[in-house]
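*Asks:* Now for the letters of each chain:
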Amino acid sequence: MFEAFGVDLPKLFFQVVNFLLLLYLLNRFLFKRVFALLDERQRTISKGLEDAEVAARDRELARAEREAAVSEARKEANEMIARANKVAEDTRNEILTDARAEAEKVSARARDEIVAEKDKAMAELRAQVADLALFAAGKLVRREMDDPTQRRLVEEFLAEVQPTRPAKSSRS
Amino acid sequence: MAEEEGGSLIHVAIKAEKLFSIGPFEVTNSMVGAVLASLLLLAAAWYVTRRAQTVPGRLQSLIEMPVEYIAGITAASTSRWRGYVALVVGLFLMILVANWLGLLPGVGTIGLKGEHEGELVPFVRPAAADLNFTLALAFVTFVVFVWWAIRIHGPIGYLKELVGEPRYMAPLMFPIHLISEVSRLVSLSMRLFGNVFAGEVLLATMLALTTAVIFVLPLAFFVPAVFLGLELIFGAVQALVFALLTMTYITMAIAEHEGGGHESDEEHPAPSPA
Amino acid sequence: MDSNIAAGLAMLGAIGPGIGLGIGFSKAMEALGRNPEASGTIFVPYILGLALTEAIGIYCLVVSLILIFAG
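Residue numbers (the working numbering), protein chains in the order written: chain V, 841 to 1012; chain W, 654 to 927; chain L, 87 to 157.
Hint data in this document are derived by calculation from the structure and do not stem from the laboratory. Glycine included, C-beta positions come from ideal geometry on N, C-alpha and C. Hints should not be assumed to be uniformly reliable.
[Unchecked claim] Derived, one-sided and incomplete: chain V residues facing chain W with beta-carbon distance under 10 angstroms: (1) Gln-855; (2) Leu-861; (3) Arg-868.
Isolated chain V (complex conformation) (with noise of 0.2 angstroms):
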């Protein structure tokens, strides 16, 4: 069969001579450097594939890092605010408290004035009502009275009237 195509033994002998050959001056020079510059580039690539992974490693572990204090801090905000809200609450009550107390305090106080004063004012409206009284009672009968008398009996007259006037404190 291979007759047909005019192989013989010498001729491809030199074929597979000439072929070897090339290769081996090809390799020695050619190749060499154009395989270690593809080595290099490959090595280059996969550093930088390693790089890429290293970096993206670190990314996200600072990702992590950064939500952890994100998320710490709100925490830690949220707890500040509560707590703020609640001292400023419970400031409120007191303050409200304390103002009560001071309002119903002075409220008292004024209530217990008002009343001393309103005793006194009775107590000097009975005095000079009864002045008025004997100097006018004087002035009518244009006679002199010892003035015990007449005082027993102003005062005996105020004594009737007292029971129509509606107030208690002056009874004692």
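Here the structure of chain V is known, so what remains is to put chains W and L in place on it, guided by the hints.
*Replies:* Just chains W and L now, with coordinates in the frame of chain V:
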């Protein structure tokens, strides 16, 4: 048969023709083609290495590009790629240059009138249009992948591989495996030879058809040019195919035991026969 | 003359790989259309399949060449 017709316009000899002889050794025109291709490649390699620059120029990157491409593909095949990448790239470059050299004007057309019947014997014949050349390359490939198989498996392991898995089927399977191994050699060489030779015949036919009648003679300038372009592609594709098949055969020889997971099992019996 | 006819008939065997190559190429293009980024991955197996399919056609050619030149 073709010679009998004599006046036929289509003439492509299937054998490489003898140019002259040195002693008993015949020098054929396809040898000249192969040597020319080799010299061209060496010149290119010398050019590239002589003015090696880290940032390659246009011509330098033109030469380096296919080398890097094939080497890149080979590097992705197995972890032992450094052991056979030179062969794969060398085959690719050699076949590529030889094929494209055959397309140059003058190759196959300039020659001497031969001994028989005044036929033209061209000085240069595309190397791959001679079965000697393709068979030589296929033979190198064959030896290398069998060598790798033996190196990885050990000779006994390789024989076991040929015998096949069910041991009792050995009488049937061993010849089949043997034939399939040898058929790789034949199919590799025949594929390249067939393609290139058919390409030569095709070009000759197109030229003959367009020059047969004076009326269609202007077509002779265009029609073969189309097929020349086609042959340009085929030349590159066949070079790539040869290189990739070589790579695949070697990869199969290596990876059969690398991927199987019983690499460690094979490591122990391997040294004993070696 | 007979061997020339036989050579012609032998080339009928190129029909099979012709169809096969067409199918292979169409599938490769389909794959490329579905997934254009995979062109690099598809290319090498495609070329290998093309070569192995084409080998059948080359066998036919070889047979017919033998018939012509050695028949």
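*Asks:* Each hint needs a verdict: does it hold in this structure or not?
*Replies:* Here is how each hint holds up against the structure:
With a least beta-carbon distance of about 3 angstroms to chain W, the hint placing Gln-855/V at the interface is held under the 10 angstroms criterion. The beta carbon of Leu-861/V comes within 8 angstroms of a beta carbon in chain W, closer than 10 angstroms, and the hint placing it at the interface holds. Interface restraint check for Arg-868/V: the shortest CB-CB distance to chain W comes to about 9 angstroms, inside 10 angstroms, so the restraint holds.
Hint compliance for this structure: no hint is broken.
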